[in-house]
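Asks: For reference, the chains in residue letters:
2 protein chains.
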Amino acid sequence: MTKTASFLDLNLIRLDRRKSTPLTQQLYESLLLAIQSGQLSAGFRLPSTRELALQLSVSRTTVINAFEQLVAEGYLASVVGQGTHVSLRLPEESLMARIQRGDQATTRDRAKESKPSELQGKTAVTSLSAFGQSLDEIDINNLSFSQDLKPFRAGVPALDEFPIDVWSRIVRNCWRTVNRQDLSYGDAVGWKPLRHAIASYLRGFRGVRCTDEQVMIVNGTQQAFDIINRLVLAEGDQVLFESPGYSRAKLAFQVAGAPLVYVPVDKHGLDISKAGAASSAAKLVYVTPSHQEPMGVTMPIERRMQLIEWANQNRAWIVEDDYDSEFRYAHRPIPALQGLDTGNRTIYVGSFSKVVFPSLGMGYVVVPQTLLDGFQKALALVGRPPAKIDQIVLTEFMEEGHFARHLRRMRTVHESRRSALVDMLNEHLSHALQIVGADAGLHCTAILNDRWNDKSIAVQAAERGIVLRPLSAFLESDQPSEFRNGLIFGFACSTPSQIRGAIRKLLPIF
Amino acid sequence: MTKTASFLDLNLIRLDRRKSTPLTQQLYESLLLAIQSGQLSAGFRLPSTRELALQLSVSRTTVINAFEQLVAEGYLASVVGQGTHVSLRLPEESLMARIQRGDQATTRDRAKESKPSELQGKTAVTSLSAFGQSLDEIDINNLSFSQDLKPFRAGVPALDEFPIDVWSRIVRNCWRTVNRQDLSYGDAVGWKPLRHAIASYLRGFRGVRCTDEQVMIVNGTQQAFDIINRLVLAEGDQVLFESPGYSRAKLAFQVAGAPLVYVPVDKHGLDISKAGAASSAAKLVYVTPSHQEPMGVTMPIERRMQLIEWANQNRAWIVEDDYDSEFRYAHRPIPALQGLDTGNRTIYVGSFSKVVFPSLGMGYVVVPQTLLDGFQKALALVGRPPAKIDQIVLTEFMEEGHFARHLRRMRTVHESRRSALVDMLNEHLSHALQIVGADAGLHCTAILNDRWNDKSIAVQAAERGIVLRPLSAFLESDQPSEFRNGLIFGFACSTPSQIRGAIRKLLPIF
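Residue numbers (the working numbering), protein chains in the order written: chain A, 1 to 510; chain B, 1 to 510.
Bound conformation, chain A alone (with noise of 0.2 Å):
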């Protein structure tokens, strides 16, 4: 019960040196108040009288008189080797009561007591800027990423096949050879190194074509997003977006206050001649060719050169997220679609959560020569690059060639994956869906029939301790789409044996 923090807070205490009262006494009375009141509850661990002296800048004997008096009267306790704590049994027992309320009850009820009640809640809002009234309207539930590793989760690699001892043995490696400058101040794009080591990769495998210059480290997409959206974009500058559509960046354009309109996407991918009055006024459009977030379809060429000539025409950008395009199944890999635009109008968002892990938070961009300087300037102030050592340690990974063997190790747990659930989707739940995209990435999307309800699935899906997000909830109700009613199935985190039992545990839905 004893507790570990030794933290004591130091506006508890009241020395007034001009006083007459001795600082033994006043240090006693400080203490005294400060137990009684609950504001350092029972078991609390105090400094050692060493520490608190200098703390307080008075003698250790000023410390211990205190301490002692407070010991003997039965508020402290000292344990020999473990130092002094507040009392479990406090000499009034009636003070449990407030003790047990702790902290934050204290701020709120000051908080409440500070400011005229009927105005409270109201100035919250209307203190808000327009970005802040806008996050005020969102569901906190669409941002939350789960930890948890649950069946069908999406978007999460095969966590339990990462290297962990490659990559930790790096970490110590790194840690090993670090200079004090790689402690300090870094580059705000990113690591030079890391950037080289992108740049390479993304022309050998992705057929981006970019300088390492133009390769940008940022803090996961959203951050990509962000900037894109401020930099490029003036008031009222409509976006395209992809009718259903990644949620997040989704809400990141939306907060920024970009007016948005939906293309409808079919088995190809977003089709920029349906885009109607807005094509020719939109100045932005994000896309996912690669693998469609949600539908999992991918973009062949044809739509990608209509896109393009689109976006050079209207001297609109093309903002390609190509999130989970290293796992490809079916042929090989596609090209991205910035490799195709030779009018430099396509900003490539990627990320290394799905091909190293998640909680590292790394993503890049290849920003366009027009954007390099906006953009660098952009990255500097509003925030900070990732961790410098993280930084080496992934480019040690890619330079050693451990990435390059990590991702077609995954290709194929990846794939073991997927036709685990494929081959369960398709010969027990045929009747009721019908799989789209599954040539590709971490997830496939299955439209049900419309005997039935995908939220309502999911609903009773969740009861079974299995993640199934129903694809009515990419989608507000005007937004066009003939995919309004299916099943979001990640089968990246999952063995193929937890799949199998997760689709049968799923049966008795249907």
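What the hints contain is simulated information worked out from the structure, not anything from laboratory work.
Incorrect hints may appear among the rest.
Which copy? The list can't say, so a pair holds if one copy fits it or any two copies do.
[Unchecked claim] Result set (DSBU-like, lysine-lysine): computed pairs, CA atoms no more than 30 Å apart in a straight line:
id, residue 1, residue 2
1, Lys192, Lys150
2, Lys267, Lys19
3, Lys455, Lys505
4, Lys455, Lys274
5, Lys505, Lys150
6, Lys150, Lys267
Being a predicted model, the structure only gives us computed values, none of them experimental.
Add chain B to chain A, keeping to what the hints say.
Replies: Then chain B, alone, in the frame of chain A:
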């Protein structure tokens, strides 16, 4: 000369299965063209035949045959155990010039060809947002944190004394015991135990009043400023800013479009009564009360109370940047202003850059209750928290008592460096300058007598390998201030003998 990168740009290889030409022949031609054009440069190491066959979905024999043909013709060379690379001396010597131009030139040429050249320059500007345009006006030199640790570099702690051994031992332990869920997505506002550890620390050491949930982890303080900015300021809302003041924070507010009103700093910091007409209109004030950046002065309690009263009366926000207050030399630490503000109008911003190390890239915000929801959503939308494992390591560092120990040790280390500086300045340069605010932090500022000009001294110091930021760089010409001509001496990142040596090198300038 053999390059280690083995990523082959798959775009270079054109295989068309509908053609009658054998795939081996097509592959041979593609590689030949890439080598001749310089896209595959001399020494470039090709993937293994097995790997390339997999990537291209062709048989391994197809690849082997193509490689063998190119080796026979002298374009490729095979070294046993090292694979195949592009020959260092190619059959046509005349190609070498083109090869040296490399990738970058190619990309730029392509960009030029595809756009009418008279438009190119302007497009970049006109397609930017207001944010983008204000970034355009910023001098990038104000934004780059230099990595070198020359004498008097400000804002960098004694990195030579950072306990790398302790830290890396914790890193090793964390990787040994990491679980798979720690690799997955985490909470957007930071890892709970870290938030708890920081809250305890802030309550104990800094007199901050907060619950654990009010502490949110950010990627450095700039991210905090950026979010605060966007969350609480409506368009046109005025911001009161210290004059002189911290350049990067200033830019963060400026580029987001907030009109800044400069309030002069005197020996007691910012004086809210000098805010003039803006004092009733402004919605936010940015202050560094513990150790003013750059003057180094401390705001006394009366000024703090006035500021808090102003904020509560005007329903304005105080942003308290407590960037290096942990190191205090002359008196006992002064609790944070936030702790005095019972009206919850203070947003407290802190960082681990000065107390752990800068390249960790971790900061935190203590968010008032009314802004909790907005802050949480903003963080989830505009980025990702620092790498989970780094958060775990930092938590261990704090909870095992290393952090408190490190702070105590660093206080002594920094104090000895500060003394070395102050003694040297008093002894040798008292005729030229007068120290202000050397009681805390990692730097002090010295006011120059009129005979000397700070910018010219800074230039001459730089020629001697010494970094002295001129005070005038912190002020635009229209900013009010009694401090206009001075020098910033960062004393923390150099040893006492380095400091003495550097001052001796400076003496001939005066």
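Asks: Which of the numbered hints above does this structure break?
Replies: Every hint satisfied by this model.
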